[in-house]
Amino acid sequence: NIFGGNIEADLVKENDDFLRFQAANPNFTINNFFAEAGFECSEILKLCSFAGRPFDCCQYATTIMTDLGLCQVLNLQASPTVWMRKQTTSSEEGGLQIVLDAHLEELIDDSLNSEPVFTTRFENGFKLYVEEVDASTYNPSTGIVVSPGDIIYTGVSLTT
Numbered sequence: 145n146i147f148g149g150n151i152e153a154d155l156v157k158e159n160d161d162f163l164r165f166q167a168a169n170p171n172f173t174i175n176n177f178f179a180e181a182g183f184e185c186s187e188i189l190k191l192c193s194f195a196g197r198p199f200d201c202c203q204y205a206t207t208i209m210t211d212l213g214l215c216q217v218l219n220l221q222a223s224p225t226v227w228m229r230k231q232t233t234s235s236e237e238g239g240l241q242i243v244l245d246a247h248l249e250e251l252i253d254d255s256l257n258s259e260p261v262f263t264t265r266f267e268n269g270f271k272l273y274v275e276e277v278d279a280s281t282y283n284p285s286t287g288i289v290v291s292p293g294d295i296i297y298t299g300v301s302l303t304t
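One point on numbering: in the working numbering, the residue at position 19 of the sequence shown is 163, and numbering is uninterrupted.
Because the hints were derived from the structure by calculation, they are not lab data. Hints are not guaranteed to be accurate.
[As the list claims (entries may be wrong)] Label pairs and their in silico Cβ distance ranges:
| hint | residue 1 | residue 2 | range |
| --- | --- | --- | --- |
| 1 | Met-209 | Thr-232 | 32 to 40 Å |
| 2 | Thr-286 | Ala-167 | 36 to 44 Å |
| 3 | Ser-186 | Asn-283 | 24 to 32 Å |
| 4 | Phe-165 | Val-243 | 31 to 39 Å |
| 5 | Ala-168 | Pro-198 | 24 to 32 Å |
| 6 | Gly-269 | Thr-206 | 19 to 27 Å |
| 7 | Thr-210 | Pro-170 | 24 to 32 Å |
| 8 | Gln-221 | Val-156 | 49 to 57 Å |
| 9 | Pro-198 | Lys-157 | 47 to 55 Å |
Every residue, glycine too, gets a C-beta built ideally from N, C-alpha and C.
All chains, please: the whole structure from these sequences, using the hints.
This is the structure:
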């Protein structure tokens, strides 16, 4: 381990493990792994409404791979339904509401692991970004963290 002991022997063993895995799985890619092991849109985006009217979240969601993993992008501007394209009242009920499932039952219990983990690297929950339609970068420092069980409200205004 990196906190003491024989680091070189650990690295050699882990490299051997990697080479065996690579030989057994020559077509492995991290993108395919996330696509196959990750959750479907409907398993994450449980309920969506805009201005109090429910709609099928996944009909308007696109799954993309980012440096944060698989992400769902909602673009309501592409909706053929006029009332979904523009918020008309400024209130928590007047805008977009999303109920998400973090699937905490899927987490691996590492409470028996005695080695320290860089806990700021791993967060349960979601990160919310409000971006321009064609934005392709997600700065980890600009998103809003939504922890399981929490409710957040945010306002967005257009500046030109």
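| field | Earlier hints that do not hold, by number | value | Per hint list: single violation, 5.
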